[in-house]
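These protein sequence lines are chains A and B, in that order.
As numbered in this note's numbering, the first sequence has no gaps in its residue numbers, which increase by one up to the final residue, 1658.
As numbered in this note's numbering, the second sequence has no gaps in its residue numbers, which increase by one up to the final residue, 348.
Calculated directly from the structure, the hints in this document are not laboratory data.
Every clue listed holds true.
In silico EDC-like pairs for lysine to aspartate or glutamate, Cα to Cα no more than 20 angstroms straight-line: (1) 1483/A with 66/B; (2) 1483/A with 54/B; (3) 1483/A with 1551/A; (4) 1561/A with 66/B; (5) 96/B with 117/B; (6) 1483/A with 1549/A.
Just so it is clear, the structure is predicted and the values come from calculations on it, not from any experiment.
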Amino acid sequence: MSTSLLKPAVPLTTSLTSTKKRRSGFSGWHFFLAPVALLFLLPFAQMFLAALSPADELVSFPPPFIPSRLTLEGFVGLFADSNILLWLGNTVIVSSVAIVSHIVLCSMAGYGFARLKFAGRNLGFFLIIGTIMIPTQLLMIPTYILFSRLGLIDGLGAAIVPWLASAFGIFLMRQFFLSLPAELEEAATIDGCTKWQVFFRIVLPLAKPAIATLAIFTLLSSWNDLVWPLIAINNEDAFTLQLGIANFQGTRRTQWSLLMAGNVIATLPLILFFLIAQRQFIATMTFSGLKG
Amino acid sequence: MTASPSTSNGSRGRAGKTGAPALTFTVPTAQRVEARRRAGLRSARDGWSFVGPATLIILGLSIFPAIWAFILSLQKWDGFSDPAFVGTANYERLVTDDQFFDAISHTGLYTILFVPMSVLGGLFLAVALNRNIRLIGLYRTAIFVPFVASAAATGILSTYLFNPQYGIVNNVLRLLGLPQQGWLEDPDQAMVVIAIMSLWGQAAFTTVIYLAALQDIPGELLEAARIDGANRWQAFWQVVWPQLSPVTVFVTIWQVIGAIQLFDLVYTTTRGGPLDSTKTIVYFLWERAFRGLEFGYGSAVAYALFAITLAITLFVVVYARRRNLEAF
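Kindly generate the complete structure, drawing on both the sequences and the hints.
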């Protein structure tokens, strides 16, 4: 069970990229898949078009399906009326720290729980896995009080600290290390490496696929988080991107070109990243689905 | 650290029981025990230096606040004045609070709209995408890419697409000669719109999981069914569907838990309106705790949410066990 957890992603990802054995005949499934695919793309298409449309055309009636001309006025207006670039920077900081910290701390802990034998190991791992059952909503109020006592509230630290490590990350890395053959590490130990040298020189370089999954999981969750920044940050200078656009929406209900420009800035980085690293994204989704 | 005495006790006990190996004659027992104790300490130090930092952060930000939340739920506190112990008063208030039960029924409506569509839709899309035809990579990308859209962006986009005056949905209805709808501004339709946009963003999740499961089913099973005279439809429901049942149980639980915790999309579309029709349990919790500063009452709501989540999860697991679906 434990070693096979990462496997189901493999047939899926290989078939996604394999080009051989493709049937040449026309399949009736196109009649279903083509409209569905277009329907799924439509909201994004609307978002990009509206972001590049002249503001007055979006509130004319009936609204045109295709704008008469493309313009960057929406972005210009957004940059003038909001601190969107500051919020983008804040989110980049939060996600970067979260990813680096996740990789370091969760790999270390995952390795420790998978490979080292020490007193309290099973209890520690059991408690960590148990926390997955606790809904985050249960933790919001006490964490808010705790953070305000620590002076973290209204600063970027409040957004960062909850993302330093996660039970899911430890679980993922532990599963990966359990699936690695132990011979390499044993050989390195016999050669006189300390546990830390074995970890950093031998094990971590082998863990790249699991680290990619962990990084994508952390990027997606920390970049897109809304509820925690909403609670913990009232200071506009420390807004994250998601909180910023949600707050901006509250004051600009129908200024669509500005709102959609904000949407583009909030989603385009992840869309591009998805298109580049689709296989790793899908592996991440498959793993997060199989963790139960 | 903590278990090092037990390690030394264990070694002493073992030495006594199994008789004395040659080593004990040459090394005095006390020294051996000391050596074992040191080794235990060293392995504990090594082990905890690997797992300690992450464990400290995770437990410090989950188990400790979870206990604190329970204490808070027995108090009346606004965060500024002194907290007052009120016993179970918050929970008693909860079971008579009509707004809370409204929130439960709104959450239930969303769950019923979202979960079956997300599970069955995901299954259907996975079956459709599980073939080697031209453009299949493009179709997969198109259906999966909305997964990266945040709830904030999805919510803001929803208010645009479903805007009664300027949105494309009503615009298309108008061209087709169909009546215009209020969508997010109509108390009867707002939750439907939120469910549709959730499906758009999350279809990828159930689809990917079913797709992985479909590709794990051995081809011989299907061949055998076809040889036995089953048509495609029969082969799917008699052979494939039972094979998928652990995955179905799992994604159902997963999606139900997610549905019960709906908040972000409500916040960025309707803020609970119109006429409170989209006020979910978590939205109610957030309002009470962070707008009304009722930390005690909010914590009681959070524990009620936890209980509801646990109850539904247990129900699905027990139901699956009864039907021998063996997901866990």
